[in-house]
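2 protein chains.
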Amino acid sequence: MKLTEKTIDSKLHFKGRVINLREDTVELENGSLASREIVEHPGGVCVIGMDENGKIPMVRQFRAPFGRVLLEVPAGKLNYGEDHFECGKREFLEETGYEASEYVYFGALYPSVGFLTETLHIYYAKGLTKKEQHLDEDEFLNVEFFTLDELLDLVEQNEIKDAKTVVAILRLARFLSK
Amino acid sequence: MKLTEKTIDSKLHFKGRVINLREDTVELENGSLASREIVEHPGGVCVIGMDENGKIPMVRQFRAPFGRVLLEVPAGKLNYGEDHFECGKREFLEETGYEASEYVYFGALYPSVGFLTETLHIYYAKGLTKKEQHLDEDEFLNVEFFTLDELLDLVEQNEIKDAKTVVAILRLARFLSK
Chain V
0 MKLTEKTIDS
10 KLHFKGRVIN
20 LREDTVELEN
30 GSLASREIVE
40 HPGGVCVIGM
50 DENGKIPMVR
60 QFRAPFGRVL
70 LEVPAGKLNY
80 GEDHFECGKR
90 EFLEETGYEA
100 SEYVYFGALY
110 PSVGFLTETL
120 HIYYAKGLTK
130 KEQHLDEDEF
140 LNVEFFTLDE
150 LLDLVEQNEI
160 KDAKTVVAIL
170 RLARFLSK
Chain P
0 MKLTEKTIDS
10 KLHFKGRVIN
20 LREDTVELEN
30 GSLASREIVE
40 HPGGVCVIGM
50 DENGKIPMVR
60 QFRAPFGRVL
70 LEVPAGKLNY
80 GEDHFECGKR
90 EFLEETGYEA
100 SEYVYFGALY
110 PSVGFLTETL
120 HIYYAKGLTK
130 KEQHLDEDEF
140 LNVEFFTLDE
150 LLDLVEQNEI
160 KDAKTVVAIL
170 RLARFLSK
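So the protein lines, in turn, are chains V and P.
Counting from 0, one number per residue, gives the positions in the first sequence under numbering that gives the first Met the number 0.
Counting from 0, one number per residue, gives the positions in the second sequence under numbering that gives the first Met the number 0.
Calculated from the structure, these hints are not laboratory results.
Where hints are given, some of them may not hold.
[Claimed, not checked] Result set (BS3-like, lysine-lysine): computed pairs, CA atoms no more than 27 Å apart in a straight line:
(1) V:LYS130 x V:LYS76
(2) P:LYS130 x P:LYS76
(3) V:LYS129 x P:LYS1
(4) P:LYS129 x P:LYS76
(5) V:LYS14 x P:LYS14
(6) P:LYS14 x V:LYS1
(7) P:LYS129 x P:LYS88
(8) V:LYS76 x P:LYS5
[As the list claims (entries may be wrong)] Simulated coverage check for chain V against chain P, where a stretch passes if three residues somewhere in it have a Cβ under 8 Å from a Cβ of chain P:
(9) 82-92
(10) 135-141
[To be verified] Here are a few chain V residues that sit away from chain P, every Cβ distance over 12 Å (derived from the structure):
(11) GLU4
(12) PHE13
(13) MET49
(14) ASN52
(15) LYS54
(16) GLU98
(17) TYR102
(18) PHE145
(19) GLU155
(20) GLN156
In this text, a Cβ means the ideal position worked out from N, Cα and C, and glycines have one as well.
Kindly produce the complete structure, drawing on both the sequences and the hints.
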């Protein structure tokens, strides 16, 4: 079965600070037309770091869509066109106060492929050196440390639900087991 | 540090077939106000199944936000209020033509916690019996079979980027290794 769709019209409904929303009209393989609601997002980067004692800095912050505090790996949004490695290093330092001597790229993740353009890059940070945390003025988060085994338990008990965090933890476990 | 935000205003900007977009004004812990762009999504469910020969049915379909065909586990959107287990069984049958004798719940995933209310449920389906595939009229996808090892390689080579699919594969590998 051929699977391509051809975009024949596109209308921007909302232009925000972070996201835009557009509606595309596409032509399907059977010639019929369909509408696709698409959210444009600049993407982001997250960093799972581990210090020499096997401790992983995690952040807790309030997330408006769920109305509660979630446990996540440190992460930041990209500006359009920004280098994701530079952004990752900066966000990891700002949020946790750590610099790393080596970064391993675990690849990119598409959080919700049906309607969202967001691409999220995942790094593993090794050789951590403590510097100073520098949160943005309107950024409120707490840093806590966990072992990889503790985080794997939290994933399997489904206490951690954030997709980038789950993938970073599971990828790190496989990477370190090899 | 206290982390709560208090919503003091909410404005709906877009009401679509699948998603809505609203903008909330929230009061932060320091008393200042901030805006939160939030996409409301009904959520979904995905199913990673494995037959008696260790083969896992996967689907390839065109994804408008990326303009290309992606490899994913079978999945479907929920209607608001719909039971995710019933939806998962139905979508798995419709897309792949398989029924399962046992389902294991791997838990819920939040694809993009900063702005998106979507919750995605993940099931592992065992004891597969072949029935008939029933695609919706405007649904175009191809089913292909992979072993778990092949899928793990595709995840680690970052050929598979869809978040739900990466998590389903990595969770299944841990589940079966115990």
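Could you work out which of the previously given hints the structure breaks and list their numbers from low to high? 6, 9, 11, 12, 19, 20
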